[in-house]
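Q: Residues per chain are reported as follows:
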Amino acid sequence: MKNLQNKVAELFENGTINLMIGFKEAIHKLPVPCFIDNVSQIEQLIFTPSCKGNLAVYLHKIEIKQAKKVGILGNIATLRSLVQLTSENQLGDIVKTVITINAQGEVVVFSTMDEVEAYVQANFPEYTDEDKKLLEQLNAMTRAERWQYWTEQFSACIKCYACRAVCPMCYCPTCTVESNQPQWIKVSSQTTGNLEWHTMRAMHLAGRCINCGECGRICPVGIPVHLLTAKMNQEIEDEFGAKTGFSCKSGYALNTFKPGDKEQFIK
Amino acid sequence: MDFEPKIVAFVCNWCTYAGADLAGTSRTKYATNVSIIRFPCTGRIDFMLLMKAFENGADGIIVSGCHPNDCHYTSGNFHARRRWIVFRSVLDFMGFDTDRITFSWVSAAEGTKWAGLVDETTEKIREKGAFTDFKKLDVETTNQMIDEELAK
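Chains D and L are the protein sequences, given in the same order.
Quick note: the first sequence uses the numbering used here, first residue 3, plus one each step.
Quick note: the second sequence uses the numbering used here, first residue 224, plus one each step.
Keep in mind that the hints are not guaranteed to be accurate.
Stated by the list, open to error - Result set (DSS-like, lysine-lysine): computed pairs, CA atoms no more than 25 angstroms apart in a straight line:
no., chain 1, residue 1, chain 2, residue 2
1, L, 359, D, 188
2, D, 269, L, 252
3, D, 63, D, 26
4, D, 264, D, 251
Note that these hints are calculated values from the structure, not bench results.
The following block holds chain L by itself, in its conformation from the complex (with noise of 0.2 angstroms):
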């Protein structure tokens, strides 16, 4: 079977989440890959959320927001900003592939740029195969400690 990556969209209530409900009501046609998860700010998603969807079996990543200055809240997405450089060089520096999370800002107004965001993320991940980093390691502790009790 043909491997379909399962990508995970954190965005925001007020730009991206509108956005993507007017790809809907548009019936702009894009990729069935993504789930989306809907959350009040960009300021509110935080870097372990993204690290569970990996751990629990997501390829990619979707992070999507209000344009800055268009903030619901006013600061949110300034905040939310600084922490993804951050949060990015941390990964970067571990030797994680950062490129199976875009980040983006996507307003209530651009539908069909939500839909070209999904297509091209679907794509690029499709591309780069499942993401098995993850799974390989605790894969190879399980192995180590079982080898280490046959040993005894």
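In isolation and in its complexed conformation, chain D is listed as follows (with noise of 0.2 angstroms):
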């Protein structure tokens, strides 16, 4: 930990970021977000395994697009994330450094995306056990029984748009759920709107997810909106061989073409 607050005092000394979005601890010892703008609160700083959080989030908030030079800290999820927001050029240049910590529990700093884009890269995350687990089961069903094992999760829903906020990916000024002419989504937490704002999601976000998970953790209600994601990804995967959060130049599967798409349901 001492190693990680040195090397955040080093850059802020030498005038390469002047805010930084971290973790510190807060009660029970769990993580919570920090954003330090100065040299004084750097022993708040953390970053332990379970700093699960997505902090790339917080990107797109104006305060910190203001803040120019930034530092973002973050686990191999929010690297990709970056890698996928560049693809996107969402990001201009207000990122000046990435730092993580890697398996060996050394800090490791990039003052550019190219560098962390090889860095995912050469560590590209797997699905997790439970994840892979449950996507095994689910294909396994049936239609009907899918229905019914989607239909019961969302009609617990209560359309906090949690998954939406926390998801770096989520980044419309307006999302089309704030429409009212025409509404697309029902307001109130009826199922088959549940449904409606749920396939929306899963749809964008197909081919961007990255896969970090944050949705279906910070779920009030214990859906596991991230399957929906990660099946869409694992799809995108097998039939245009696109990778996500994989390079900075990958773009968007949905936003290109190839005439040789193979499907067989077309008549």
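Join the two chains, each given in its own frame, into one complex according to the hints.
A: Shown next, in the form of structure tokens:
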């Protein structure tokens, strides 16, 4: 931890960054995001395996953008979001430094996105065992069983949109759910409207989701919403060979096409 | 009364709409269950429109446009095809009956193909029966809400 704090202090002193997004310890030793803008606060900074939050989501906030020289601390999922966001031209040049701690416990500092990209490609994360198991279970179900499973899950949804708020890839200034002329998604938390919302979310994140699993972890009623986007990622990788958050130049799978894309269902 | 399926067709202006027009001018007889909605291009057909059609009582949907390489705007149908592949797998993963959506390429010269497609889809949906999955869900939630209120 001392190493990390020293590195960040160094970056502040030589003027590389004027704002650091990281984690600090809160009540019950739980990590919460913190925003450090002067050297005296650096001793709060921590990074432990329980720091699973994806801090890249804050990079879309206007206050952070105004800081102009931002450093960000994160795990592999956060780095992957940074790569994906760069490929979507969303970061500009506000991120000056990216810091992570690798598997050996060493502090790794990146100053360009190309370095981040190389690190992500070398340490590309797999699905967690739990997710793999759930996906396999769902794939093995019949259509009617899946419908039963998902409608039961979605009937609990309270439309808090926490899954949207926590997602670094959901950055549209105006979301379709806020549109009321026409109203695409019903405001009340009725199951059909919930189903539409989650279909829309899965569609808009298909080929862009970086599998950090934050949406599933944040859900107050425990719907495994991250499975939908994880499944779509798998599908897009199989169909079009596009990996998300893998390259800064990959772009968006649904924004492009190949004349030879295969399907069996169009008559 | 016998069940008559309601079918909504989302078609592109340049090929399938013209194809349907050809079917009409050549007096080809086909099922009257279909309501055609004309779009500038298949690339304009958003998946939310399909969801809304089902929510508003459609039993089946036809989505159709120009054959690959024939798009009036060069690449609209290629983009649409990728989107349909993904949309179908989202729906399938959720357990939605994807057979209720028929995807097709119908060119401006294929009036008979269009007539056949509509007939075939109508027959398929007639066998499947009315689409009640969404309605059932809403009824269930409403009943649940009423029960909760009464229990207070």
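Q: Could you run down the list of hints and mark each one as holding or not?
A: Taking the hints in turn, this is what the structure says about them:
1. A hinted pair counts as satisfied when its Cα atoms are at most 25 angstroms apart, and residue 359 of chain L with residue 188 of chain D qualifies at roughly 16 angstroms.
2. Straight-line distance between C-alpha atoms of residue 269 of chain D and residue 252 of chain L comes to about 21 angstroms, which keeps the hinted pair within the 25 angstroms bound.
3. Taking the CA atoms of residue 63 of chain D and residue 26 of chain D, the gap is near 20 angstroms; set against the 25 angstroms cutoff, the hint holds.
4. Between residue 264 of chain D and residue 251 of chain D the alpha-carbon distance is near 24 angstroms, which keeps this suggested pair within the 25 angstroms criterion.
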